[in-house]
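These protein sequence lines map, in sequence, to chains L and B. For the first sequence, my numbering begins at 409 and goes up steadily by one. For the second sequence, my numbering begins at 242 and goes up steadily by one.
Hint data in this document are derived by calculation from the structure and do not stem from the laboratory. Built from N, CA and C at the ideal position, the CB exists for glycine as well.
Calculated pairs, DSBU-like style, for lysine-lysine (alpha carbon to alpha carbon, straight line, at most 35 Å):
(1) LYS607(B) - LYS671(B)
(2) LYS682(B) - LYS672(B)
(3) LYS445(B) - LYS357(B)
(4) LYS583(B) - LYS822(B)
(5) LYS607(B) - LYS765(B)
(6) LYS854(B) - LYS720(B)
(7) LYS283(B) - LYS623(L)
(8) LYS623(L) - LYS333(B)
(9) LYS333(B) - LYS559(L)
Estimated spans, in silico, between C-beta atoms of each pair:
(10) THR376(B) - ILE498(L): 44 to 50 Å
(11) SER297(B) - LEU586(L): 53 to 59 Å
(12) LEU259(B) - LYS585(L): 16 to 22 Å
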Amino acid sequence: MILQRLWRRIAAPIDPFLFVLVVMLICFTTVVQLSASPDRWQAQMINTAVGLVVLWTAANVTPQLLQRFALPLYVLGVLLLVAVALFGQISKGAQRWLDLGVMRIQPSELLKIAMPLMLAWYFQLREGSLAVRDFLVAGALLAVPVGLIAKQPDLGTAILVLSSGLFVIFFAGLSWKLIAPVLLAGVVGVGAIIATEDRICAPEVQWPGLREYQKHRICTLLDPTSDPLGKGFHTIQSEIAIGSGGVLGKGWRNGTQTQLEFIPERHTDFVFAVVSEEFGLLGNVGLLFIFLLVIMRGLMIAANGATVFGRLLAGAISLSFFTYVFVNMGMVTGILPVVGVPLPLVSYGGTALVTLCLGLGILMSVARHRTLLQK
Amino acid sequence: MEFKTPEQEIARFRGRVLAAGVFVFVCFGLLVSRFVWLQVIKHDYYSTRAEDNRISLVPIVPNRGLIVDRNGVVLARNYSAYTLEITPGRIKDLDATIDALAGVIDIEAKDRKRFKKLLEESKTFESLPIRNRLTDEEVARFVAQRYRFPGVDIKARLFRQYPEGTFASHVLGYIGRINDREKQRIEEDDERAANYRGTDHIGKSGLEQSYEDELHGTTGFEQIEVDAGGRAVRSLARTPPVPGRKLVLTLDAKLQKIAEAAFGNRRGALVAIEPGSGGVLALVSMPTFDPNLFVDGIDPQNWDALNNSPDHPLIQRAIYASYPPGSTFKPFMATAALMTGKRSATQAISDPGFFWFGGHQFRDDKKGGHGSVDMAKSIIVSCDTYYYSLANEMGIDAIARTLGQFGFGSRTGIDIAGEASGVLPSPEWKKKHFKKPELQKWYAGETISVGIGQGYNNYTMMQLAHATATLAAGGVMYKPHLVKYVQDPRTNARRVIEPQPLKTIPIKPEHIKVIHDAMVGVNKYGTGARAFAGAQYVAAGKTGTAQVFSLKGAKYESHAVGERLRDHALFIAFAPAEAPKIALAILVENGGFGAESAAPIARQVLDYYLLGKEPAGAAPEQPGAE
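Only chain L is shown next, with the shape it has when bound in the complex (with noise of 0.2 Å):
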């Protein structure tokens, strides 16, 4: 009887859905853990009940406490970025941390959650009377952190954090007139970079408004082969592990890519190409299908959301969740630039898993405060 009840409680608040999912993916990551890095399989399992129990507790928090927390987290980040730029530990030429002595702290990975819901508290509180100037406000709320974090630089979480922001103000419906034209500039923009790639990566030509190693990556991208045992390295033995892979993969720890260390950070933000060269191209595209999944019933959360704030978090949560799984894929397959964007659930490590989580929890808790209206 008491069981009963406490399973109740416990079950309560999750989507069973979004859980289904987020279980399967748990078992894929440690089926691609144990082979990736079996030293740290443990860990991860750690991080993993640690990011379950956040899901947990985040989906019992009602939206209407999330909005309280809006403000205070946006401003507590824009805090502790302007810390980081003025007082913030230098490792590997960026600065991102801050050494609170007891710990240290990276600020932009709380901006990850703490930018969608400003925004949606922000349009929330212009529910029904929304203007160009308040588009304008909140692309000036948006900006603030991703310029302190992009200065850092940190392009990988200042892409989530500026993307999580665009998606909540694309959602809170700016204009197709404001949209199309930027959609259609990028568009060019990129296939003119591109077109001209051999001139604008001539090493004398200097990009501007971006520093000599943002050109070098995008150089990179267009030609992995102009450095092929720096960043053109990742992009070029990962490849060669997905191509290698073949439709059925060489099987759970027969990559060897993967075994034999050519693929870098092939448990963090390259275990994709793990996926890819053991499992082959059913892995990937049943990875795809269940990320796919998540983002749908993500969407489909959003359009029944009961409030503004709740509809456009979970949109943008859901658009985010997206993100990360593109631009992971997208640079591991030698698409996209290679910036640190970790694969959902899959990558190890434990402060991306629990900010998901996070973002899956607030998920659940938009979902089911409509069902707590509904009834």
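Since chain L is already given, all that's left is putting chain B on it; use the hints.
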């Protein structure tokens, strides 16, 4: 400012969600098409690349073949020793690293110089030795400090060693690091190039060079699975190397040793040949050098010392340097006279002590002459006048044609490189040799000097010994060779270098006997009698004294000029005269009369070879002992 009802708001939001869904679909479609491109369409290409990545062929260098003398005395071998090696590509500040290393292990200036030289001719990812032959203590000291020196390793390498040191160095030659020119030559031949992967030493001179292919062996390969850092993970397959073959020489190390010792500190050359096979028993060029110095790359001080020495120890005097044969030419002239019928053995001339030709007087050593001189006496007393007149009668063409049959003026074909052809003078040779027309003409007077082994005559001791061996064998000429057989170290299968009769010079046995008897006379009561007093065997010989110094490239230190203007002493011999087992030619540079300095060397060599008798006093140490 636009106001919308919540319903409109939700409808628009759902529109956006739908758009987002479509966008997600399109992007994922893009990813899937990328997967298909990489994993289906380009699968074969990437599979090949993955294989290339993973498997690395590591060459296993074969052990170089041994060189042993005819009795099994080891003359060249390999031993394993530790080297301290630096991979320059893995080190930022090379000089600082070497300085720091010098604090742990003794590194001398010459080691640094040698390393710098290696560095210039190598690729930076190659591991290069800075110190060879570390002691166990040095190895231990380095290992304790290894963490300080990334890019520095200790490796075990096989080193070539010539245990007898300076012994027979010109015959053995030496090995050294493959230089650019040699590398190019190796790479012209694909098979050879593959076989030399991993090999960094090659024979540079002597037998090490001429039998390089036999000595090197076949490189083995290990297929090793490697990671991206190039670290070996595991071995997949192994093709073992085939060790180089062993050279068993015709050379008799003890004989060679006695001969070398007999020279003392004099310069010169000696070649001893088995007349019945062409096998070379001893091939001496004095002074010698230590080929061990070259194995690791010779350091500049030693190189300068060897290269600038007035004694020119690096010159292979036995086969490269050529000298006028002096009177040792006379038995061959006499043989030629018999063969061409210009003289009979009994025909005698009256020697007044000189020979007049064209208003010029050609003098004999002995004032007043030797009186009546027949062929035997002409050899025994070394009568110049006899040969002046003989040469004049034969004419230069007949001399060149007949003497040429004994191999004079052409390479003997011995199986080591660097042989000179010498000069058997003839009008044709003169025409080719000189550029100026006035020097191209052959003068009859020049023929006269040729008759006594002077003039343009110039032969290597190899040729002289070869001709002597041919004379000893009654005209049967064998190709001289140093290697008796080549042995496979695994199967012990032998490839025997069979005695190779080149030709038989048509000399009548009775004519041979005349010459042999006369040469026996030389050692019994002629110019070689003192040296061969009391010999327990019958040895045939002929002394010679050559007036012209013609060691090529020689420059003289002024203080040595006096000594170095003295005549060269020569001696040829074979024994036992009735059935010759050994024939030899000796030259002692600036040794004066052949009878005084060259013949005693021949005596010691023959005493040992025929009787096993070692010279008294300065007994050479036992070969094989270190």
